[in-house]
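Asker: Read off the chains here:
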Amino acid sequence: MGQPTAITDDQFESEVINSNTPVLVDFWAEWCGPCKAVAPTLVELAGDYDGRLKVVKVDVDENREAATRFGIRSIPSLLIFKDGAEVDRIIGALPKQQLAEKIDGHL
Amino acid sequence: MNEQQPSEKSMQRMQKYCDKYWEKTGTSPHPNAEVTDSVVKGLAAHVDELGRPLCPCNFYPDKKAELERSREWVCACDEMKIWKYCHCLLFVTPEGLPITEYLPEDHEGRQMYGLVEDPTPDKGREARHRAPA
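Listed in order, the protein sequences are those of chains A and B. For the first sequence, the residue numbers in my numbering are 1 to 107. For the second sequence, the residue numbers in my numbering are 108 to 240.
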């Protein structure tokens, strides 16, 4: 069963940009309340979409390069990448159903 | 952010501040205590690190430069004072939703959470006069 994977700046290119499957990237931080609120939902989504969507997490305090590159401001910011390009951006702790609808639109 | 635990002094300061601000604005803590606890710790850690309670729910390429630029994201942030909107989910409705009623319709909060009405419209929004016309 799929699980969100923590990645670093150094892994962003290989794990996200060069991924053969769409990727949901969770830009988060340790002491961000809504990041905590949405985390269990992302675990569920990683399982539900196992094999069709990769879910990765980027701690913005530890990985400033990726956060800067994609102009992250509010966190959590959930970016969906397909074929190496950002195709959607979701900001905030949305309910699972709304996140799933966004994801479905890109698979 | 420095992920060491914030000092007890800063934690008490921020907890006291939040208690007063919930009352002043008629908002509530998030029903998931872990959400509130995280944010209070983040604010307290920024007090230790920077001397100001910078919002922990944003990414800043340079935190010190951000504080020199503006107090926009010092808690309570401009969005809270103008529109009663807390994207950090610290000051929310009893159901845990951020109030979006006063946000411009093209604001990301309105687009993401839809219309969330203010249950206590007689309280808060101390800087409402700064809302764009």
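By construction, these hints were calculated from the structure, which means they are not laboratory data. No experiment lies behind these values; they were computed from the predicted model shown. Heads up, a few of these hints could be off.
Stated by the list, open to error - Calculated pairs, DSSO-like style, for lysine-lysine (alpha carbon to alpha carbon, straight line, at most 27 Å):
hint : chain 1 : residue 1 : chain 2 : residue 2
1    : A       : Lys57     : A       : Lys96
2    : B       : Lys170    : A       : Lys57
3    : A       : Lys57     : B       : Lys171
4    : B       : Lys171    : B       : Lys116
5    : B       : Lys123    : B       : Lys170
6    : B       : Lys230    : B       : Lys123
As the list claims (entries may be wrong) - Derived CB-CB ranges, DEER-like:
hint : chain 1 : residue 1 : chain 2 : residue 2 : range
7    : A       : Ala100    : B       : Leu204    : 16 to 24 Å
8    : A       : Glu65     : B       : Pro211    : 28 to 36 Å
9    : B       : Asp126    : A       : Arg73     : 27 to 35 Å
10   : A       : Gly71     : B       : Arg159    : 21 to 29 Å
11   : A       : Ser14     : B       : Ala238    : 40 to 48 Å
12   : B       : Gln122    : A       : Thr5      : 32 to 40 Å
13   : B       : Gly158    : A       : Thr5      : 33 to 41 Å
14   : A       : Glu65     : B       : Gln111    : 34 to 42 Å
15   : B       : Asp213    : A       : Ala100    : 31 to 39 Å
16   : A       : Arg69     : B       : Arg176    : 14 to 22 Å
17   : B       : His236    : A       : Asp50     : 48 to 56 Å
Unchecked claim - Taking beta-carbon pairs under 8 Å as the criterion, some of the chain A residues facing chain B (in silico):
hint : residue
18   : Pro4
19   : Val60
20   : Ala100
Every residue gets a Cβ at the ideal spot worked out from N, C-alpha and C, and that includes glycine.
Asker: Measuring from the C-beta of Val60/A to each C-beta in chain B, is the shortest one below 8 Å?
Answerer: holds, 4 Å
Asker: Min Cβ distance, Pro4/A to chain B: is it shorter than 8 Å?
Answerer: Constraint on Pro4/A not satisfied, violated at 17 Å.
Asker: Is the distance from the Cβ of Glu65/A to the Cβ of Pro211/B consistent with 28 to 36 Å?
Answerer: holds, 32 Å
Asker: Please verify whether Lys57/A and Lys171/B have alpha carbons no more than 27 Å apart.
Answerer: holds, 25 Å
Asker: If you check the beta carbons of Ser14/A and Ala238/B, does the distance land in 40 to 48 Å?
Answerer: Holds, since Ser14/A and Ala238/B (Cβ atoms, about 45 Å apart) stay within the stated range.
Asker: For Lys123/B and Lys170/B, compute the direct alpha-carbon distance and say whether it is at most 27 Å.
Answerer: Holds, at about 24 Å.
Asker: Does Ala100/A pass the interface check with chain B, least Cβ-Cβ distance below 8 Å?
Answerer: Violated, because the Cβ-Cβ distance from Ala100/A to chain B comes to roughly 15 Å (cut-off 8 Å).
Asker: That 14 to 22 Å hint for Arg69/A and Arg176/B (C-beta), does it hold up?
Answerer: holds, 21 Å
Asker: Within 48 to 56 Å: is that where the Cβ-Cβ distance between His236/B and Asp50/A falls?
Answerer: This hint holds: roughly 51 Å between Cβ atoms.
Asker: Is 27 to 35 Å respected by the C-beta to C-beta distance linking Asp126/B and Arg73/A?
Answerer: Between Asp126/B and Arg73/A, where Cβ atoms are some 28 Å apart, the hint holds.
Asker: Quick one, are Lys170/B and Lys57/A close enough, alpha carbons at most 27 Å?
Answerer: holds, 22 Å
Asker: Has the hinted range 34 to 42 Å been met by the Cβ atoms of Glu65/A and Gln111/B?
Answerer: Given a distance of about 23 Å, which is not inside 34 to 42 Å, the answer is violated.
Going through the hint list in order, the structure does not satisfy hints 14, 15, 18, 20.
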